[in-house]
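Peer 1: Residue numbers (the numbering used here), protein chains in the order written: chain A, 1 to 320; chain B, 1001 to 1320; chain C, 2001 to 2320; chain D, 3001 to 3320.
Watch out, some of these pointers could steer you wrong.
Said to hold, decoys possible - A few chain A residues facing chain B, derived, Cβ under 8 Å:
1. S36
2. R92
3. R191
4. V270
What the hints assert, rightly or not - Lysine-lysine pairs mimicking DSS-like chemistry, simulated, CA-CA at most 25 Å apart:
5. C:K2275 / A:K273
6. C:K2275 / D:K3273
7. D:K3275 / A:K275
8. B:K1210 / B:K1275
9. B:K1275 / A:K275
10. B:K1275 / D:K3273
11. A:K210 / A:K273
12. A:K273 / D:K3273
13. D:K3006 / C:K2275
14. D:K3210 / D:K3273
15. B:K1273 / B:K1210
16. D:K3006 / A:K210
17. D:K3210 / D:K3275
18. B:K1275 / D:K3275
19. B:K1210 / C:K2210
20. D:K3273 / A:K275
21. A:K210 / A:K275
22. B:K1210 / A:K273
For the record, the hints were derived by calculation from the structure and aren't laboratory data. In this text, a Cβ means the ideal position worked out from N, Cα and C, and glycines have one as well.
Protein chains: 4
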Amino acid sequence: MSERVKVAVVGVGNNVSALVQGIAVHRATGSLVGISRPVLDGLGVADIEFAAAFATSPDKVGRDLCEVIFLPPNNFPRLASELPLSGVTVRRGLTGAEPGEVERVAGDLAGAEVVLYAAPSGRPETARAYAEAALLAGAAFINTTSDAVARDPQVLNRYVAAGLPLLGDDLASQFGTSVVHHALLRLLEERGLTLTSSYQVNLGGTEDFKNLVENSNTKHQSKLNALAANGSAAERVQVAPLGYLPHLESQKVAHINIEAQAWGGTSVSVDVKLKVHDPAGAAGVHVDLIRIAARALRQRRSGYPAEAGPLLKSPPGTSV
Amino acid sequence: MSERVKVAVVGVGNNVSALVQGIAVHRATGSLVGISRPVLDGLGVADIEFAAAFATSPDKVGRDLCEVIFLPPNNFPRLASELPLSGVTVRRGLTGAEPGEVERVAGDLAGAEVVLYAAPSGRPETARAYAEAALLAGAAFINTTSDAVARDPQVLNRYVAAGLPLLGDDLASQFGTSVVHHALLRLLEERGLTLTSSYQVNLGGTEDFKNLVENSNTKHQSKLNALAANGSAAERVQVAPLGYLPHLESQKVAHINIEAQAWGGTSVSVDVKLKVHDPAGAAGVHVDLIRIAARALRQRRSGYPAEAGPLLKSPPGTSV
Amino acid sequence: MSERVKVAVVGVGNNVSALVQGIAVHRATGSLVGISRPVLDGLGVADIEFAAAFATSPDKVGRDLCEVIFLPPNNFPRLASELPLSGVTVRRGLTGAEPGEVERVAGDLAGAEVVLYAAPSGRPETARAYAEAALLAGAAFINTTSDAVARDPQVLNRYVAAGLPLLGDDLASQFGTSVVHHALLRLLEERGLTLTSSYQVNLGGTEDFKNLVENSNTKHQSKLNALAANGSAAERVQVAPLGYLPHLESQKVAHINIEAQAWGGTSVSVDVKLKVHDPAGAAGVHVDLIRIAARALRQRRSGYPAEAGPLLKSPPGTSV
Amino acid sequence: MSERVKVAVVGVGNNVSALVQGIAVHRATGSLVGISRPVLDGLGVADIEFAAAFATSPDKVGRDLCEVIFLPPNNFPRLASELPLSGVTVRRGLTGAEPGEVERVAGDLAGAEVVLYAAPSGRPETARAYAEAALLAGAAFINTTSDAVARDPQVLNRYVAAGLPLLGDDLASQFGTSVVHHALLRLLEERGLTLTSSYQVNLGGTEDFKNLVENSNTKHQSKLNALAANGSAAERVQVAPLGYLPHLESQKVAHINIEAQAWGGTSVSVDVKLKVHDPAGAAGVHVDLIRIAARALRQRRSGYPAEAGPLLKSPPGTSV
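Can you make the complete structure from the sequences, with help from the hints?
Peer 2: So, in structure tokens, the structure goes:
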């Protein structure tokens, strides 16, 4: 029987809400709905357990993780009528204002094997400071944001030297716009059609989405990294500005259009509307990254574990 | 340099119009738009040449193939302002009323290496009679309709015995509803989502489509054969009745909906509208089947060539 | 203060389930959501009360109306966690097999002022027999099906002679495909655009919908009556076959497409997906028809009350 | 027989291209396709004639109007294979750099009765300077941009004092996102449904659209003015950021979503994709505004002619 994976989470937003609740539902009901890999490297979803959590907002610090996930601006829905307390008290994260903070956080990691960095994108210094804390504590680190951490050679080299795994950057959603758009463009190519033009529009209502809208540079580069896999077709694909529409709450809506030419130059058009809960798409990938990170740590593999590749948009080697 | 493939076509409907015109456009302009495989088994698209054509309607018989493809009820558009005559005169096909007809048609095949059966679905006896004529003439036979020919063991055995290739049944469009629906359902499964329900609605305006509406049994079985590859998911997929809407002309419109559950049981929905020219989707596959058939014949391979599989909905071994 | 309207319902399907539950929700919460006219002719929604109910299925007869609305094949959802019993026991309706049935039912109407005929479409004789029973009992009659009752001059004349109101036929949903399609076509015309072509596809999952699919003649005529208001445009509008997709349950999905030409002959296209709960769209109109019928009865107005016109697809004077 | 209306156009962008070409098609073919009002105040579409045109780009000045409309970045398509020269040479417009420019332009108006201001939005000073030139020349003025001209009380008062008509601001497209969205929201309300939330996304590929994206403030206020007619519902409607997608060329694509509640609180959703040629939607309204302006001038009516109201988004009295 496998030992449970102890995880520390940084940031207690919607994605962590989805992660915590989804694992609880799976434990309570045994349901495998939406779980991509019930067992990964010998570890089940129920083998993930939370050991520590960090946030900066004063109304979050000091309360139980399972209360904090429901505080606004979080708006991911309650998945079940009851969720027992976790026993994990949310601690004060890095503020950048005090000396010795990184060491303090490292000390608070409470023996976690894996640090899941799930704070908002757009603060690369903070992300790298948490990576430093994890390194001090001897933990694996997962950067789910679009900030450059794993694809920053300096950080990666330090992890390699320390013999610890480092996973990132920017997780590919389990089933989001990129996944569907990419699959349709690939299908078009496989079937011999010629792409004329294509666009995608993304609309969302979470605080994370709002941050992306206001801070779209690293995210935009990360999206281009994801589309580069489509080769020359990428030039013909346009990404409209993100739209923050609060009433969507934790849902994300995407409109995808593809115009192409088939045999004889005749026209083909494909229009897609996709509606997902963004935090669920993230959590479904978190559970895989956590298990990959834990196994790599236990096997003393250092640096970037290549098997995480399909789950990330900007792995080491892509543009910063 | 390869010898040109001589093809006889049975039925001069929209699909043959798209095939004849598309090859002419490719020859005139060199355009590779919409051509899946520019070279297949050493043969280019321009290596296909028409040697004979058969129809039953009195106003078609006796005229040049390149005139007949524009006669109503054909409604596939003109792809270029000019199309030279082919030099192939459309001959009277099998009527079932005269003795010795099969032999007559076999004699009229004019040295064709490949017989492309592209008449309307729904007349299995006629389809098999043409297969018999091709066999007498020593030609390969391609059944593009949903009628059982290649998946009829008796017919297949005769072809094997004669050392001739037999391809069929029911071609999968180059890029049609089945292809897109199947790809999305597979993607869903790959990403670990759980299908709740799905539907497709198909609307079209060609004479072929009208025939399908009126004669939907073999077609329906063939669609089920195509979906069976999705395994248990197939039970949750519903196909609405076909709708014949004349004003769509040679376009086909499909509405596809997929409802699924992701991580934590959260809902995911995908809605697709697909718009294609049905005959172009057929012609794009015809050019591959013709070249596979020609190569198999020239290599003296008998029976069903397995490489045709991805291009067919109901290959040998599927339900009749 | 107004006296409550006593209503007898014939048929205890999804539409009656939506009606009964919606009134209960309104009574319990005061909510006016989805209620078109809170007060109509001095009567509120809460002024409607059920006095009798009729069904033919043996497992429905003898049980309370509020239990029967949840029996399969009904699949309209529960709107609230609790629904008290109604005190109305469902009685055996007309079977056509016994003498004196019409008189028996008339006697069982229990002093109802309004008879709401909400059985499945497709049994015009039965519909007219209930109209006869209502007439005997001195009640107003509402035919919500597409069968010809109010537009049958013989029946209408009998109601006029008896001094009783008769409303029908075929109710226009509060917000369904016809309403939206009609509004968009009218908008197009108002703005000076020229319609090229248009289609609608309707998909549903209720037992009523299944009956329509199997018995589409009177329904089809009724749809044409509804579209005739669009004048010449109606010729360019095509209605695809109805699709019965059980997994939709009580939802109806419609796909509407409009292709048009604007200034200079440039193309305009509008694509709509509409998703509604069909029984709710019916119930929202039932509450208006019931109140119109009651008021007409109390004011001793006989025959067809013109103010019901906008709520009906085939009023008196349209084709049978 | 009516005297032709002489029009001067300011700005020779896509909208003027659509206007000039559409009138030419109507003259050549008599086609009334897409023409909202064939005769308005006694004037036909063919009664509009161009007398002068102004642009600032050096490659436009000095060439015939019918050549200039096809110069990039204009990308509205050619409507007919041939378009004769107009005989109107494009003159240099206001640059703001020289003294006496307004007087020069007034002199160049060449007896025009109506000045149609169709330059890009976002330069209110320039718009008002042209209004001054028109006033000097005794012409009616139409401001089709979202800049405040007619709704600027100072400008309006000067027109009233001079006895000249002034029309504006910001024309409502003949059939655009606002028109369709507004109609559906109104329909929802008429039928008694309760709006939950709604959004619209607008994507376009013209230079005008690009300007709007970069300069969205006056446009945004103008859109709010247009939606204010929906009353409280406006609060629940969100407008996503405009997306400039060059490959759309002169097409505009809008995605509209409406979520509502019907009877019993059941959910209703409407999704619309709208595809139009934006310049055609503008030109179809230009021909009406020009004729209203000409008639008002000829009847010596001064100030804002109220009958222009339905064609404008921000008439006098709305917020600046």
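Peer 1: Are the hints correct? Go through all of them and say.
Peer 2: Right, here's what the structure says about each hint:
no. : hint              : result
1   : S36               : holds, 3 Å
2   : R92               : violated, 28 Å
3   : R191              : holds, 5 Å
4   : V270              : holds, 5 Å
5   : C:K2275 / A:K273  : holds, 14 Å
6   : C:K2275 / D:K3273 : holds, 15 Å
7   : D:K3275 / A:K275  : holds, 21 Å
8   : B:K1210 / B:K1275 : holds, 18 Å
9   : B:K1275 / A:K275  : holds, 21 Å
10  : B:K1275 / D:K3273 : holds, 14 Å
11  : A:K210 / A:K273   : holds, 21 Å
12  : A:K273 / D:K3273  : holds, 10 Å
13  : D:K3006 / C:K2275 : violated, 50 Å
14  : D:K3210 / D:K3273 : holds, 21 Å
15  : B:K1273 / B:K1210 : holds, 21 Å
16  : D:K3006 / A:K210  : violated, 51 Å
17  : D:K3210 / D:K3275 : holds, 18 Å
18  : B:K1275 / D:K3275 : holds, 15 Å
19  : B:K1210 / C:K2210 : holds, 23 Å
20  : D:K3273 / A:K275  : holds, 16 Å
21  : A:K210 / A:K275   : holds, 18 Å
22  : B:K1210 / A:K273  : violated, 29 Å
Violated hints for the displayed structure, listed by number in ascending order: 2, 13, 16, 22.
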